[in-house]
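Make the complex out of the two chains shown on their own, each in a separate frame, by following the hints.
These protein sequence lines are chains A and B, in that order.
Just so we're aligned: the first sequence equals residues 1 to 169 in my numbering.
Just so we're aligned: the second sequence equals residues 1 to 572 in my numbering.
Warning: the hint list may mix true and false statements.
[Unchecked claim] Derived CB-CB ranges, DEER-like:
#	chain 1	residue 1	chain 2	residue 2	range
1	A	Lys32	B	Thr6	35 to 45 Å
2	B	Glu131	A	Lys32	30 to 40 Å
3	A	Lys34	B	Glu481	49 to 59 Å
4	A	Ala98	B	Gly57	56 to 66 Å
5	B	Glu131	A	Thr83	12 to 22 Å
6	A	Thr83	B	Glu481	41 to 51 Å
7	A	Pro124	B	Ala568	55 to 65 Å
8	B	His100	A	Lys32	46 to 56 Å
9	B	Arg84	A	Val119	33 to 43 Å
10	B	Glu11	A	Cys135	44 to 54 Å
11	A	Thr84	B	His100	33 to 43 Å
12	B	Tyr58	A	Gly162	20 to 30 Å
[As the list claims (entries may be wrong)] In silico lysine to any residue, SDA-like type, Cα no more than 25 Å apart, as pairs:
#	chain 1	residue 1	chain 2	residue 2
13	A	Lys32	B	Asp250
14	B	Lys182	A	Glu70
15	B	Lys531	B	Asp250
16	A	Lys32	B	Asn474
None of these hints come from the bench; they were simulated from the model.
Keep in mind the model is a prediction, meaning the values are calculated, not measured.
Virtual Cβ for every residue (Gly too), placed ideally from N, Cα, C.
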Amino acid sequence: MMTTVKDRCPGCDGNEQDERYDELDKVIAEYKGKPGALIPVLHAAQKIFKYLPEEVQDYVARGLEMSPSEVYGVTTFYSFFSTTPQGEYKIGVCMGTACYVKGAGKLIEEIEKELGISVGETTPDEKFTLVQTRCIGACGLAPVLTVNDDVHGRLTPDEIPGILAKYRD
Amino acid sequence: MVVNITINDQEFEVEEGKTILAVAQDLGIKIPKLCYLKDKNEIGACRVCIVEVAGNGYQPACTFPVTDGLEVKTNTPRLRELRRLNMELILANHPQDCLHCERSTNCELQSLAKELGVEEVRFSGETIDYELDDLTPSIVRDPNKCIQCRRCVSVCDKVQGVKALFPNHRGFDTLISPAFNKSLDEVACALCGQCIHACPVAAIKEKDSTEEVWEILNDEDKQVVVQVAPAVRVSLGEEFGLEPGTLVADKLVTACRRLGFDQVFDTVFGADLTIMEEGNELLARLEGEGPLPMLTSCSSGWIKYIEHFHSDFLPNLSSCKSPQQMFGAMAKSYYAETENINREDIVVVSIMPCTAKKFEAARTEMEVDGVRDVDHVITTREFAKMIKMAGIDFVNLPGEEFDAPLGITTGAGDIFGVTGGVMEAALRTVYEEVTGDELAKLKLTDVRGFDGVREASIELNGQEIKVAIINGLNNANEVLEAVKNGKKEYHFIEVMGCPGGCVGGGGQPIPTNDEIIAKRGAGLYSIDDKKKIRKSHQNPVINKIYNDYLKEPGSKKAHHLLHTTYKARDRY
Ligand code: SF4
Ligand code: SF4
Ligand code: FES
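The following block holds chain B by itself, in its conformation from the complex (with noise of 0.2 Å):
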């Protein structure tokens, strides 16, 4: 129902129901806010939005319905200095040491001071004196700096439906923490990181691994090696001011090669190849050997979260290692071999949109003959930090190539790094291998999109293959219940951690919203469409090495270097 209410004098018709807040932002009239998350975090925690209602005092615009004849002012002397006092008793129990916090310039609670007007802060508050918990290799924890806005518990409870994190204790002494004050390691958290764009200051980042590439960097005995993912060349420059989505995978290259990597190498080829082994794996599903639906095993937090939360399924997880860890094994493999490298002197990086990604390097299955896959794993943050640090122009770089043999791609690998775009690399290739004819719609419009979850289907000679495609961990426990219950029923599933799939991965630049996650997908179909080859079995570097070492997919030597395994890990 349309309602009338007065904003600051001026009168508008807006819909009955909704909070002040959200209709002066669809009005365009800014109140600032802190706690508030749209559709997620809408608890009047901070009071920094608050406004005037006629008869009613001081109320949070996020809470607040309106109703017909509501009176609000949102912009008033009192208000603007009850804010500032607001936001000043906040910062008294903030550390003031802005100058060298890895947020600073990015912080919600600093631009809001300054927009704000604070000045001074004329409080100092006690404060308690918090351990760091940085034992998981993907993120740290300081809740020092937390200002209790409550945003990452309702992203880790309502989008990834994992619960790890909490409010405990309460007024002075309230920690948001993990159960029994324990570290995130030793609690079921799927190191995805979606916490991390939900923190509007540094209490929650990344484990920094930017000290231990810079080393290895320096290390004259080893040929360093680098793979980018595919969601990173259509986020990281915003990192350097660009639009979300531009293209930089040229320059990124180029920037690689400044650092001093070696060869710069490319994840995407790890994708075409995940789709040779994975494509394989589903048909042989199809004809009995192993049960169905199968389920993808790209993202690391899907794996992470699954082996916690539904153990069950584990024997419906494909064996394929992700295209890192493909990657990982083939540099130190084939490309060792080929190039008469030392496999020891070989050192991997990967470049992740992506915190899980640093844990699942790190598991104790992720290596061939006691050599690791992947050594260092830093994020589309961490690695803007490097090319700041070394004084690169990164915008007005000159663009360069990815180097062959392993960073020659197909457009199918590059779509990985958006929902549906595994499931649709896959479907390109396997309908042809199945069917001998090339699929019809190179784009499968039914698989593309953002909504949480979808379907489709597709006839594979005459049989119907149903398939879905799943981004967030909230969203993949609902349909793994469902096909649990026997209400819903799968050939494959497309599961990726983060919401968008890894273009909103937990290592992308801050911010990370929908409307950025959109953007940056847009800018991955639009590789694929410019490039010449989009199938992964069309890739010629692909096919010569499934000629000249692997054999087949899915062969003795490919199970060594690229499949693995998973354990069931405590829920509790």
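Chain A on its own, in the form it takes in the complex (with noise of 0.2 Å):
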């Protein structure tokens, strides 16, 4: 019987059940032992699991039987990462120069307002999460806000609320 690194982690009692665990358990079979494993893995990771929770990153450093120190230090400074829930919608309201300017503040408010939720925050049914972007390069459209690939330009608040409707059901 191949003992997989579940078998070898207190810590994830109740997971057995969990397939998740099983894909992960394969990557990080196929990168264990070779450098710079630990981003790939990370990577496939947050694919499967859509964010990366404590205890995934836990169960990362053990298989890769590393530090969890080292792997909490590499989630948090890549911003590609990300260690809270995600909502199937991810709002970026760009706050480059020109945005910032035409008023992407007050479109951060009132989508704050709508879905009562703060920046880096995602809805209780999971269905948005709202983070500002640095300059997205659509500085003609600005303000500009994307919904996952959509770009949404030269936007005031008032049109907030039909743009989230879209996305709603």
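What follows is the structure, encoded as structure tokens:
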């Protein structure tokens, strides 16, 4: 019988039924012992789990036999990795200079009001996550926001409810 | 290869590839530095060491390598201004509470600010209010004071192989912390305190226990007994301006009496007792009772480390309590009984060069019949603080002697405080027990020194006994791996968690570095040299105790009082 990381993971009780860990085991097995294994494994783990909760980071540390502090250092350093749950739609409000000057702050206020969350948070129904982004290079359309891959430009706050409604159902 | 460079218009021949900072230091040219720790942290983070390199602008001297023809300026008006600006930026995010800071007058940031001529801080940065991490019995982290030099990260990783601390998040939010921003108490940390020595400021320090000790000294109903570890008597003087390695045992005893301790005893006595028990255990193991190699168990940081990282070796660990705990157990049994004192009325205070000893004393295992072996532990630094607070003029104190009986000791116990000392003390006794002959060389020069790993062998009745001596936990890790893989074979291994042994302990005066450690070590060897009795089994009090009380090493009573057990802890 193959022993998987799970067997050696006293902190992961209750996850035995979770098939996502089987998938993660495969990724860990593939990269274990190779230089620079951590980032591709975390990348894959984020795909599998959608985000990287503490249990998953701990699991990766055990699997790769690495210090958990190092794993945590990497997950918190790269903004690509997310340690909190992510909504189905990620709303990114551009805070580049042009957008900022043209009222991106007002857009954020409006979204926060509409969704009842602050920047960095996800709605309880896991539908939306609100983040600020650096300049996305669409300054001609300022102020701009993105919802996953869609770009919405030249916005005023009163257009926000309509945009959100499109993704609501 | 030797190359020619100029520093401040003067020509020098230096070795290629070394950094500008390293060659300047060798040449006696001072360049200010902050994040740099030789061989450990050379990452160019703080930029306090910037110099002008012709054709290359301003570069950090601690990372820029020298090449032929390099022209460097270390002291121009512009450099002085840039460095000062740099310091002001660091200070903008640093609490300005020097007046009541632990490290005031012994802080690298404070003295650098003065050296660089910072007279005002023109910026006031945003700060994040971090919670103190004070859950361990040994160490307190105060991230609010952290200047993110990463020296602790490097030392915990490279010297101790623990990797408990790491930079997390980025930019302004960067926080040097354990994983998931947990407390050091909740992660695999040895509590060795080497990160305290790494830290230039007061962002990591020991958990202060002086208040509890003041309180107990005030309690008329208690008999307060103090024990002093060997390594303290060669370092305490530094807190009062004396040279590292100065022997201050006699003044230290006087200071203890003036502070109000009722009996001033010696951990060296506990060390002599340890040799009797551990020597006996070694002989038993050599005859097949229990696994080899036997690993020493006196360094409490090492114990916590092995419990986290190499629990498969726990059966190899000597079951002997450390000298601190053996002392405590004897004070509350033998001493209490012979003096007719209720054991509950004795309070044992330890003065230790160590932060992990605080944890050790608090371990659930460390009690006999419900009475704690040791009640309070203070470090060398905390002890110095108490002496100062009491207004005692330490340097001019007359000397006094330790009290009998638990202050009667041999030179073998004194050298416990330096790497190789436990091995040497054990071999002096074991050799004589086995062969009946005196070990020809009282100084076992093979086991002395400060290299991280040393090996020696000794012949015992025709059997070759292979020993290893290790200091620093990363070195221990490497040797244990080699033993596990069958690459190395030993009978007996001494491990001390801190570089240099207890003389380099996490509770010792700041600064503690290789040079200072060597001086303190030499101090301990000189005490041994001058002692009349230099072998633990010749200690008359130890012999009396075995005759009257414990019967023989390894007896049932000895086990009850002086031996312990260990537990595996999670590594992640
Ligand atoms: S006490 Fe030792 S093991 Fe723990 S964080 Fe500090 S250096 Fe690392
Ligand atoms: S805690 Fe101290 S040593 Fe560690 S990064 Fe902060 S200032 Fe440097
Ligand atoms: S000492 Fe060189 S950058 Fe900090």
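Evaluated hints:
Judged by the Cβ atoms, the range 35 to 45 Å given for Lys32 of chain A and Thr6 of chain B is violated: they are separated by roughly 51 Å. A C-beta distance of roughly 35 Å is found between Glu131 of chain B and Lys32 of chain A, which places it inside the suggested range of 30 to 40 Å. Hint check: Lys34 of chain A to Glu481 of chain B, Cβ distance near 20 Å, so the stated range 49 to 59 Å is violated. Our hint of 56 to 66 Å for Ala98 of chain A and Gly57 of chain B is violated, since their Cβ atoms are close to 32 Å apart.
Hint check: Glu131 of chain B to Thr83 of chain A, Cβ distance near 19 Å, so the stated range 12 to 22 Å holds. For Thr83 of chain A and Glu481 of chain B, the Cβ-Cβ distance of about 32 Å falls outside the hinted range of 41 to 51 Å, so the restraint is violated. For Pro124 of chain A paired with Ala568 of chain B, a C-beta distance near 41 Å fails the hint of 55 to 65 Å. Evaluation of the 46 to 56 Å hint for His100 of chain B and Lys32 of chain A yields a pass: the beta carbon distance comes to about 50 Å.
Range check, Arg84 of chain B to Val119 of chain A: Cβ separation about 36 Å, and the 33 to 43 Å hint holds. Separation of Glu11 of chain B from Cys135 of chain A is about 50 Å and conforms to the stated range, judged on CB atoms against 44 to 54 Å. Under the hint 33 to 43 Å, the C-beta atoms of Thr84 of chain A and His100 of chain B, about 38 Å apart, fit the expected range. Distance hint check for Tyr58 of chain B and Gly162 of chain A: the Cβ-Cβ separation is about 53 Å, which falls outside the suggested range of 20 to 30 Å.
Taken as a hint, the Lys32 of chain A and Asp250 of chain B pair is broken in the structure, with Cα atoms around 57 Å apart against an allowance of 25 Å. The suggested pairing of Lys182 of chain B with Glu70 of chain A holds, with an alpha-carbon distance near 13 Å, which does not exceed 25 Å. With a C-alpha separation of about 14 Å, the suggested pairing of Lys531 of chain B with Asp250 of chain B holds against the 25 Å cut-off. For the proposed pair Lys32 of chain A and Asn474 of chain B, the alpha carbon gap of about 22 Å is at most 25 Å, so the pair holds.
Of the numbered hints stated above, those contradicted by the structure are hints 1, 3, 4, 6, 7, 12 and 13, listed in ascending order.
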